Amino acid sequence: MKSCFYILSFIFLFSSMDSKIFSQENRLVPKNSVNSQRNLLQNIFVEIESGINSGNVSSISGFFSPHTYFSLSNGTSGYYSSNQAYYVLEDFFKIYQVISCRLQNIQPDETNPYATGIYHYDFKGKREKAQVYISLKKSAGTWKISQITIN
Amino acid sequence: MLKKIFNMFKDDRKYFAIVFFILFLIVISGIITPIFIKEKTENWNKELSGKISKIEFEVINLYKDKENELIKTSSELKAKLHRVFTSKNISYGRLIRNVNRDLYADYSVEVLAPNGKLIAWSDNVAMPQEEVFPLEFEIGECYFYRAPLITYLTVTDTLLVDSDLFYIITSLPIEKHYSLHNPYFREINFTKEISDRFYTTFEANYSQSDRKTKDGRKYSFDLLNNRGNKIGQITFSKPMIDASINELKQGASVFQSVLSFLAYLFIAFGLRKDFRDIKFRSIKILLLILYCSGFRILLYYTGFPSNILGGPVVDPAYFSSAFGGGIVKSPAEFLVTNIFLIIISIEAYRYVLDYLRSRKKNKSFAWFHILFVAVLIVLMLTTLRGLSAAMRSVIFDSTLRYFRDINILPDFPSMVMNLNILMIGTSAVLILGSYIILSLSFYQSPERKKLKLFFAYFFIAVQAAGFIYVLVQEQPLISVFLSFLFISIVFGFAYHVFFLKRKSIYNYIYASLAASFITIILLNHFNLELEKESLKTTALEVNRPNENLFRFILNETLTNAAGNDDLINLLYMIKYGFAEPYRTDAAAFAIWSRSSLQKESLNSSVAFYDSSFNEIGEFNLGITEAINPVYYFKGLAGDDEKFIRIINSKDSSKIDFIGLIPVMENGEKLGYISAAIEFDLQNLSSGEEIPDFLESPTSILNSVIDIEQLKIFRFTNSKITHIYGDIFPSRDETKLIINAGYAGDNETWLRLNLNEEYYITYSQRTEENGNEIITAVLLKEKQISWNLFNFFKLFIIHSLFIVILLIIFLVIQLKYFRYSFRAQLLTAFLFISILPVIILAVYNREIVQQKTETEIFNKLNESSDYLINHIHAQLENHPQRDYLEAFENAAREFNTSFGVYESSDLIYSSKKQFYDAGLFNLKMNPLVYFNLNYLSYREILTKEKIENLEYDGFYKKLAVGNRNFVVGVNNAFNKVNLFYTTLDFDVFLFGVYSLATIVIIIISTILANKISSPVRRLTKATNSVAHGDLNVELENKERGEMKELLNGFNFMTNQLQKNQAELAEMEREIAWKEMAKQVAHEIKNPLTPMKLAVQQLIASYKEKKGNFDSIFEKLSVTLLNQIESLSLIASEFSRFARMPKFKVENIDIIPVVKDTVNLFQDENIKITVQHSFENAFAEADQIQLRRLLINMIRNSIQAGATSINIEISSENDYYKISVSDNGKGIPEEFKNKIFEADFTTKEKGMGLGLKLAKRYLEGINGSIKLMNTAVKGAEFEITIPKLKKKESSYTGIS
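Going down the list, the sequences are from chains A and Z. Each residue of the first sequence is one higher than the one before, counting from 1 in my numbering. Each residue of the second sequence is one higher than the one before, counting from 10001 in my numbering.
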């Protein structure tokens, strides 16, 4: 009887945990735009900008390519897989807490799309700003981030 | 009531009390934290001033520590130099050596003569001689000295020798004003040190004149030196209440997560007994998995231990995977997950072994077993794929390059990841092994041969399934060969466990070794994939310059530079004549070093101009043609505008990007900054060779493979236009690339043979301005020595962990450890074999190192000879030529970087920009100066260092006319290509010698086993003889003395047996004789009066005596008495002849059985003992029981049995010992006779064994009987009554 009670307790405890813990992260899938490629690219940059503004990596993790290049103010520099990219950016946002991010210059060029802007952040109580550069490239038919620079 | 509650918490339940207490603490902490936060908010102002004071106090202390260290060092140095100057053997060499001791390696030391001339200096010279006087501070007073790139904390002291006053300037670097993104950079930054420590932003000003900040959000305080004078100022952002509250919340969170961890742990302790009482193993393992999973999830949600640890182990850059929602998001999280995995896999493995032990024998292989085995095979293949996927993730989701880093000893994150790799591999091997053993356990046959046959069939079936599994996958992770190899390794492990040593603790060691092999092979396999992927990336990057990125980098560099306070101050001071222009080159370098220009290892430059566009400072690295921004930007409107332009060079392989920005301060233009990037396809890695200490390893092209290992060919419309690397492709090879079948993505993979070496080639076809461009990137296939190096590099690290595990096991088993003969032999063999190998390796390495140094010396000497000869020739042919021009021509002619010194000062360098930037000293290396000028050496080779990079410098004298120079060349700038470097040798050494060591260990183990085997057998046999088994006979296949020894032993036991039998016979005879004598003697006594009585009776009858009746009666009585006497004698003797009683005592049957079985360990028979309880107490004679079992086992061996199964079970009041074998059995006709005395079917033997066994057992109320069996062999069943007074304890399976 006791054993049953404990077994049930375990099952209850286990099932009350977040059930998606063993599933893959819910990746954001870029929307297929009925408009032109330029509009699509524009939308993608806006989505990325919004994700950075909210400090929410999940909303932009769907755009990470298998090899994304990061160059960040915390010294992170190099190519990272899509798995790593998620946590690298998450850690960055924890230290350099976003105040605002604005991509002022979006170039939705199909051959080489990129955007630049300013990233305002709070670092150890001090407000500073950094330059942002994001470029995209096509990978397996979808647009993915090839490089993010925040310096 | 209370008593009832207390009773609930006894035994294991007491841990629940602790759990409740912990939960209570968690609740309390949740309630208290907001109270603390509220109190903090209300008292913030008071607390803030306290915090500010504390920070100020601690920063000042940190500064004082450095100051005290400097003063102490200066005093020590002064004392030493005093001894030098005042000694009788005063020499310049002693002075130089004292100043350049290793103790002062971190300092800059300068000794000036009374006339102000620098006479001795260390490698680093902080203050130029001309800046020392007039002294700005008092003697012994500390101050900050700002050199171009570094700020020093300096103290000037004096040394009076006779009447001469020498000056000693000791400087400790406090802050570097530049930063390099590469592994050689040595960070020295006081500002960063205190920023990191106090988690707020600091600014340090190392001048006396700065005023305190007026920004209310910041706080400033002065830095006072040892004389109480202000020498600097520290400003920091005041701690914010938000940050403080966050800190408090984080502390509470950490506290609660630790408590949660403990609570969950104690729950397990509390449920321990209940867990043990569960009968079904499958339920137990399921509960364990649930518990471990829950525990892991709890740890993840509470952030434990990542919220406590810091540093690279929690940095996702080193490794990160999104699998499981983040339970492997960093090396530390991966390690925690692996700990749980290992626990589950070990328990699963133990349960399978336990199941194997307790499974009833001779159960047939049922249909559902076949189904179950099929499921297990699927699970096996899935597990193998899971392991492969994990290893792929380790390679692809990590920036650690396990095979690229040439250092044999890895750094800490690599060590943690290697441990993770080993742990996950070991878990997989244990699980896979468990699947195999479980499948084998369903087929239980007493015949070992049949079992091995089944094992072989099963192996083939799994291999076939593996083959199909790989083929049917769309994207198989591993090849068929690797699948075959891994399955074989795991089956090897399972074979060892199942057939050889089931219960050995060292099986975990074997599992780890197997795991190490498998994981390293997988890592190597996926690393190759990654390298191939990187060829694609390289092809993409070299195809076109990333214009937008370069624009961005220039924009970022210029914007950051224009807002740099240091730069603004410098330009301001230059404009108004306060600063020396030479510092601008250093400032330009500082700007360049902190920008992406250095991070990306780009050919680039940074330059400063005054407001009239006159250049006042520059740092240029790799830009070959001077780019003058004045030409492009002068006259453009706007004071605050930034301009960036692209300039196409005449050389089509080069494109230049240039930018310019004005530097403004309060609306006043102080000057301009420009930055430029040159993209050159010809020199991809880093333009004009960037020295290693400036090159960034994380540039796009360098991230996976060192770009210098690559060869790149670029074709335009089928004609080769660019080559990167030192190989030119032949026409055939060119055709192969051009005509390769490009797939839909316009890419293809090839394997090319260039100069008899094979290259993996990625080729991509693109279009550019109507031209077909083909870019082929080639990587040489790794040589065998590198493959061995790759393998052993990781294997050695894994071995370290395995050795640690082995030591732990040995410590646990220390009381059982015997330094046996085998162990002694093995130690001796290893010592004799490995020691010379190590000595040889060290010696060879020394030789190679010396040869390498000699070769470097020769190469550098050769270079300097060419230069010197060229300079001489120039000056002879053109006597009016300026020396500097001659030096410049020589540098250009030979494309060699070198410097020229006159006296001790640098007068020329072909790498002027590095000296102007302040990276190198303008003074000659002091020891070189001493050797060349005082010891009159003509040339010298010396080790030098910049940042953490060591290099070789060669200096040679040059006399021209009446001037003496010293020419210096080094391999920091001039790469010396050696045929065989120390590194190459290390690779060879490490790889091949590691293999040799392993072979030595294997062979030594085999030899030790072989040599010690007869000794071990002899030891066991002697033990058996001591326990009464004289039927032992050792198989003798040995040679030499061992053969004689074994023969002697066999003869001895044989003789002992015969002698024992003869002795017994003799003793029996003597006993019988004695008894007969005794009987005869006793019988004679009554016989004499009987004879007399009968004689008297006869005489009386014959004489016809009248009292015949009374005589008859009297004599009858006499006769009857004597007959009674005889009867009594007979009874006594009969009682005497009875067998002696047994020595009955309380014994535990199980260890007696096991000890007896151990006597036959070295015999060619497998004996298994099965019992489902820990103890079996009975009243019996231990020795008789042992003899009985020995006898039965010996009978089985003599009947040809190869396995015996002894099963101890319990039935009512008896213990049953069932002994069955697979021998030839007992013929039907003999079954009734085997318990009879003198019955035997053996050639030798008295036929008493079973008879005595039966007698003994019946004597203790037990029994023995021969069972009827359907299978071949014999089975006996022995019953022994249980001990009545003590209950035998049943603890269940642990």
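Hints should not be assumed to be uniformly reliable.
Stated by the list, open to error - The calculated label-pair distances, taken between Cβ atoms and stated as ranges, are:
id: 1; chain 1: Z; residue 1: P10183; chain 2: A; residue 2: N43; range: 36 to 44 Å
id: 2; chain 1: A; residue 1: N43; chain 2: Z; residue 2: A10374; range: 45 to 53 Å
id: 3; chain 1: Z; residue 1: L10922; chain 2: A; residue 2: N43; range: 17 to 25 Å
id: 4; chain 1: Z; residue 1: T10854; chain 2: A; residue 2: R127; range: 54 to 62 Å
id: 5; chain 1: Z; residue 1: F11173; chain 2: A; residue 2: K94; range: 27 to 35 Å
I should point out that these hints are in silico values taken from the structure, not numbers from a laboratory. Since this is a predicted model, take the numbers as computed values, not measurements. Beta carbons: idealized from backbone N, C-alpha and C, even for Gly.
Right, here's what the structure says about each hint:
A hinted range of 36 to 44 Å for the beta carbons of Z/P10183 and A/N43 is consistent with their spacing of about 41 Å. At about 51 Å, the beta-carbon gap between A/N43 and Z/A10374 stays in the expected band of 45 to 53 Å. Range check, Z/L10922 to A/N43: about 58 Å between beta-carbon atoms, so the 17 to 25 Å window is missed. A hinted range of 54 to 62 Å holds for the C-beta pair Z/T10854 and A/R127, which are about 59 Å apart.
Roughly 57 Å separates the CB atoms of Z/F11173 and A/K94, a value that falls outside the hinted 27 to 35 Å.
Going down the numbered hints, you'll see the structure goes against 3, 5, while the others check out.
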